[in-house]
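> Residue strings, one per chain:
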Amino acid sequence: TQTVSQSDAHVTVFEGDSVELRCNYSYGGSIYLSWYIQHHGHGLQFLLKYYSGNPVVQGVNGFEAEFSKSDSSFHLRKASVHWSDSAVYFCAAGGSNAKLTFGKGTKLSVKS
Amino acid sequence: EAAVTQSPRNKVTVTGGNVTLSCRQTNSHNYMYWYRQDTGHGLRLIHYSYGAGNLQIGDVPDGYKATRTTQEDFFLLLELASPSQTSLYFCASSDLGSQNTLYFGAGTRLSVL
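As given, the protein sequences belong to chains A and B, one line each in that order. If you're matching positions, the first sequence starts at 4 in my numbering and goes up one per residue. If you're matching positions, the second sequence starts at 748 in my numbering and goes up one per residue.
Please keep in mind that the hints were generated in silico from the structure rather than gathered at the bench. Take these hints with a grain of salt, some might be off.
[Unchecked claim] Below, computed lysine-lysine pairings styled on DSSO-like, alpha-carbon distance capped at 27 Å:
hint	chain 1	residue 1	chain 2	residue 2
1	A	52	A	107
2	B	812	A	52
3	B	812	A	107
4	B	812	B	758
5	A	107	A	72
6	A	52	A	72
7	A	114	A	72
8	A	72	A	110
9	B	758	A	107
On a predicted model such as this, the values are computed, not experimentally measured, just so you know.
Looking at chain B on its own, in the form it has when it is part of the complex (with noise of 0.2 Å):
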């Protein structure tokens, strides 16, 4: 079964603060995907990447920015943390031929203050 790990799993920062939060997926797989859960809203797609140097841009990318520096490594990037990115963040990976089945991590609770 895939293995897709988020760190940190929670992390609290104030206004402006810069913040990173990483993904590491150890099957292989093509595809890294960054959602944000919200109440109301569901999962939304922020980022995501076919591969290491690649980034397509999701259906909510403002305020983020996102690298690929290796197959295994998706980082997801707040440079000025507003409060409306208070968020659960997920990561996510599929393979090239079953791209519709996302093997997702635990979660990052950020709480922007």
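Pulled out of the complex, with its shape left as it was, chain A reads as follows (with noise of 0.2 Å):
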């Protein structure tokens, strides 16, 4: 069985700031491992993933997210946020199965 965790339910940083999203995972295999945001009243929207290779990996808006095999951790980073970057952020894993389970989100909130 695969789980995620989040363990911020809320973050809140000013504009500016930089940020970092936890998300930390099990999984006994081949894991994919990816972000996604929601804005308030959409769907979600892909921001990156990881298979394999570079553990750093980029994404848009300036977003990127590092692998740990041995923290069993995926964590999303931004070096300086802006305001439009408020939203729910989902960390997700998958395997071979094509089935992905998502983590209950983090909130952000960006303050001016």
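With the hints as a guide, dock the two chains, each given alone in a separate frame, to form the complex.
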């Protein structure tokens, strides 16, 4: 059984700050990891993913995430947030069966 | 970009009612999914399919049926709706070679009174 844990339900930062949203997973096998963003009233949109190779992956709008096998983590980072980054962020994990499991989400609030 | 269209966008029914949620994707993706989103639970997988006529059981399938009639169309059926099924439902699709990249619809908000 694969599980995805996002330890922070809500993170608040100021515009221009850096931010890290945490994701830990448990899965026995080859794993795909990804992040999605959900703006209020909308469906989820894909941000970035990791399967193999360079553990740091780049996504859209300046987001990046780093995979760590030793920590079972896939944290999302952005160096300088904008108010438009305010949204709910979901971490997801999947295997070869195409079944994707999502975390409970972290709501990011960016204050100006 | 993949287009996933859900209908209706909002639905209200009564306990014991019969509800069908529809989803159509127009990019010939193999996989389609139904998730429900609830506060405190995130997204939970109900059913998914890898092609017409195929159905796979998700993590929270009780009380739900699904049918994939064509590659484009995936339906979620609640035959005896209960208040616990009040939720925001999302359909998604993905390509065979990119299973981790899901394209989501805008969602259907269902209220069971």
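> A separate judgement is required for each hint: does it hold in the structure or not?
Do the hints match the structure? See the list:
1. About 18 Å separates the Cα atoms of residue 52(A) and residue 107(A), which keeps this hinted pair within 27 Å; it holds.
2. Taken as a hint, the residue 812(B) and residue 52(A) pair is broken in the structure, with Cα atoms around 30 Å apart against an allowance of 27 Å.
3. Among the hinted pairs, residue 812(B) with residue 107(A) is consistent with the structure: their alpha-carbon atoms are about 24 Å apart, no more than 27 Å.
4. Under the criterion of a C-alpha separation no larger than 27 Å, the hint pairing residue 812(B) with residue 758(B) is consistent with the structure, at around 17 Å.
5. Our distance criterion of 27 Å between C-alpha atoms is met by residue 107(A) and residue 72(A), whose separation comes to about 21 Å.
6. A threshold of 27 Å between alpha carbons decides the hint, and for residue 52(A) with residue 72(A) the separation of about 15 Å falls inside it, so the pair holds.
7. A threshold of 27 Å between alpha carbons decides the hint, and for residue 114(A) with residue 72(A) the separation of about 33 Å lies outside it, so the pair is violated.
8. Note on residue 72(A) and residue 110(A): the hinted pairing holds, with a Cα-Cα distance of about 25 Å set against a maximum of 27 Å.
9. Taken as a hint, the residue 758(B) and residue 107(A) pair is honoured in the structure, with Cα atoms around 24 Å apart against an allowance of 27 Å.
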